[in-house]
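At the far end of the sequence shown sits residue 274, using full-length UniProt numbering, and the numbering has no gaps.
Be aware that a few hints might be false.
Calculated cross-link-like contacts (lysine to aspartate or glutamate; reagent style EDC-like; alpha-carbon spacing at most 20 Å) [what the hints assert, rightly or not]:
| hint | residue 1 | residue 2 |
| --- | --- | --- |
| 1 | Lys-142 | Asp-129 |
| 2 | Lys-197 | Glu-11 |
| 3 | Lys-197 | Asp-77 |
| 4 | Lys-142 | Asp-77 |
| 5 | Lys-203 | Asp-10 |
| 6 | Lys-203 | Glu-11 |
| 7 | Lys-211 | Asp-77 |
Distance ranges between label pairs, derived from CB positions [what the hints assert, rightly or not]:
| hint | residue 1 | residue 2 | range |
| --- | --- | --- | --- |
| 8 | Arg-218 | Val-12 | 41 to 51 Å |
| 9 | His-101 | Val-73 | 50 to 60 Å |
| 10 | Ala-177 | Glu-11 | 15 to 25 Å |
| 11 | His-78 | Leu-5 | 50 to 60 Å |
| 12 | Glu-11 | Leu-152 | 15 to 25 Å |
It is worth saying that the hints were derived from the structure and are not from the lab.
Note that the coordinates shown come from a computational prediction; the quantities given were computed from them, not determined experimentally.
All C-beta atoms, glycine included, are put in the ideal place defined by N, C-alpha and C.
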Amino acid sequence: KRTLLPLLRDEVSAFVFPCSLALQRPELKHMVRVWGWPAGVRAGGAAGCDRSCSLQVLELLKCIPLLLFLLFVCGLDHFIFSVLSIIQNHSLVQYSYQTSHHLSVNVMGTSLMAQLLRSTVGALNTSFDTHMETSNLACLPKPHGMTREQYLNTCLPLAALALLCLAQVYPFRLRRAIAAFYFPKREKTRVLFLYNKLLRQRKNFFQLQRKRIARRARQPPELGTLLLKWCRQHWPWLCRCQRRSCTLCGTPGTPWHQVCPAPDCGALYCDRCW
Numbered sequence: 001k002r003t004l005l006p007l008l009r010d011e012v013s014a015f016v017f018p019c020s021l022a023l024q025r026p027e028l029k030h031m032v033r034v035w036g037w038p039a040g041v042r043a044g045g046a047a048g049c050d051r052s053c054s055l056q057v058l059e060l061l062k063c064i065p066l067l068l069f070l071l072f073v074c075g076l077d078h079f080i081f082s083v084l085s086i087i088q089n090h091s092l093v094q095y096s097y098q099t100s101h102h103l104s105v106n107v108m109g110t111s112l113m114a115q116l117l118r119s120t121v122g123a124l125n126t127s128f129d130t131h132m133e134t135s136n137l138a139c140l141p142k143p144h145g146m147t148r149e150q151y152l153n154t155c156l157p158l159a160a161l162a163l164l165c166l167a168q169v170y171p172f173r174l175r176r177a178i179a180a181f182y183f184p185k186r187e188k189t190r191v192l193f194l195y196n197k198l199l200r201q202r203k204n205f206f207q208l209q210r211k212r213i214a215r216r217a218r219q220p221p222e223l224g225t226l227l228l229k230w231c232r233q234h235w236p237w238l239c240r241c242q243r244r245s246c247t248l249c250g251t252p253g254t255p256w257h258q259v260c261p262a263p264d265c266g267a268l269y270c271d272r273c274w
C-alpha cells in the first residue's frame, strides 16, 4: 500500500510547517511574487493565499514612502546642523574700542576775576580712558546635533513596522487550524483531496523519472562517468568519499539504500523508490 509520508525532498519545499520559526520557501515566494500560485491552503501547515500575501507586500511597499521621508528629514536635519555649525565657527566678529579724553583749563592771573574763573571753569577739567570689547557671540546660533541613540530611536518605529509586516506570516499559519475548528467536515474533505492529489503527483513523478532514467541509460556513457567508474574499480575506498543519492527522488544516500543488482548498473535507490 502506498503511503504519503515521509515526504519527498521536492514535496517538503512546497509545504509550510507552522512550528518552524524560519520563513519558508512558499512564504518567501509569495512575498516576492504577489500573483504567485493559486490561492489555497496546504496540509501540514497553513500557507498564505495570494490576497493575504499581496496585502503583506503592499504593506511593505507602504513603508517605503515613510522610509524615504525619514531619510529626507534626517538628511535635512544634518544639513541644517552643518550649516549652523559653519556659521558658528566662522562668523564670530569681535570689536575692540579704546579712547582717552583729557580736558584741562588753566586760568592765569591772581586777580579776583581770575580766581572766580578758576573756581568756576576748573570744574570742567576732566580726564578719563575708555576701553570696550564686544562681539556678536550672543547672536550666533548654537546648534545641537542628534546623537546616534536619537537617530536609532527615530528609526526604531519604522523598523518595528517592517518587522511586523514580515512577522505576520506566523499568525497566517493559524488560519487553517481556526478554520478546521469551526468547519471540521470541510477540513477533512480538503485533507483527503490534498492526500489523493499528492499521491497522483508522486505516481506521475516516478513514471517520469523512470522514463528519464531509461532514456539516459540508452545513451552512451560520458567521459566523466567512465573515469569515475574506472577509479571505483581500481580504488574501492574512493566510494566512501563519494556522496551518492537516490537515482529517482534524489534523497541523500544512507546505509539502508538499495543498490541495483543488475551488472554494470550500480544505481542507488531508497526504500520507497525501490
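Structure-based check of each hint:
Restraint check for Lys-142 and Asp-129: not satisfied, since their Cα atoms lie roughly 35 Å apart, outside the 20 Å limit. Taken as a hint, the Lys-197 and Glu-11 pair is honoured in the structure, with Cα atoms around 12 Å apart against an allowance of 20 Å. Taking the CA atoms of Lys-197 and Asp-77, the gap is near 60 Å; set against the 20 Å cutoff, the hint is violated. A C-alpha spacing of about 14 Å is found between Lys-142 and Asp-77, which places the hinted pair at or below 20 Å, so the restraint holds.
As the CA atoms of Lys-203 and Asp-10 are separated by approximately 14 Å, the hinted pair is consistent with the 20 Å bound. Pair hint Lys-203 plus Glu-11 holds up; C-alpha atoms about 13 Å apart against a cutoff of 20 Å. For the hint linking Lys-211 to Asp-77, the alpha-carbon distance of about 67 Å lies beyond 20 Å, and the restraint is violated. A C-beta distance of roughly 32 Å is found between Arg-218 and Val-12, which places it outside the suggested range of 41 to 51 Å.
A hinted range of 50 to 60 Å holds for the C-beta pair His-101 and Val-73, which are about 57 Å apart. Taking the beta carbon of each, Ala-177 and Glu-11 are about 21 Å apart, inside 15 to 25 Å as hinted. Look at His-78 against Leu-5: about 58 Å separates their beta carbons, and that is inside 50 to 60 Å. The beta-carbon spacing between Glu-11 and Leu-152, approximately 44 Å, falls outside the hinted interval of 15 to 25 Å.
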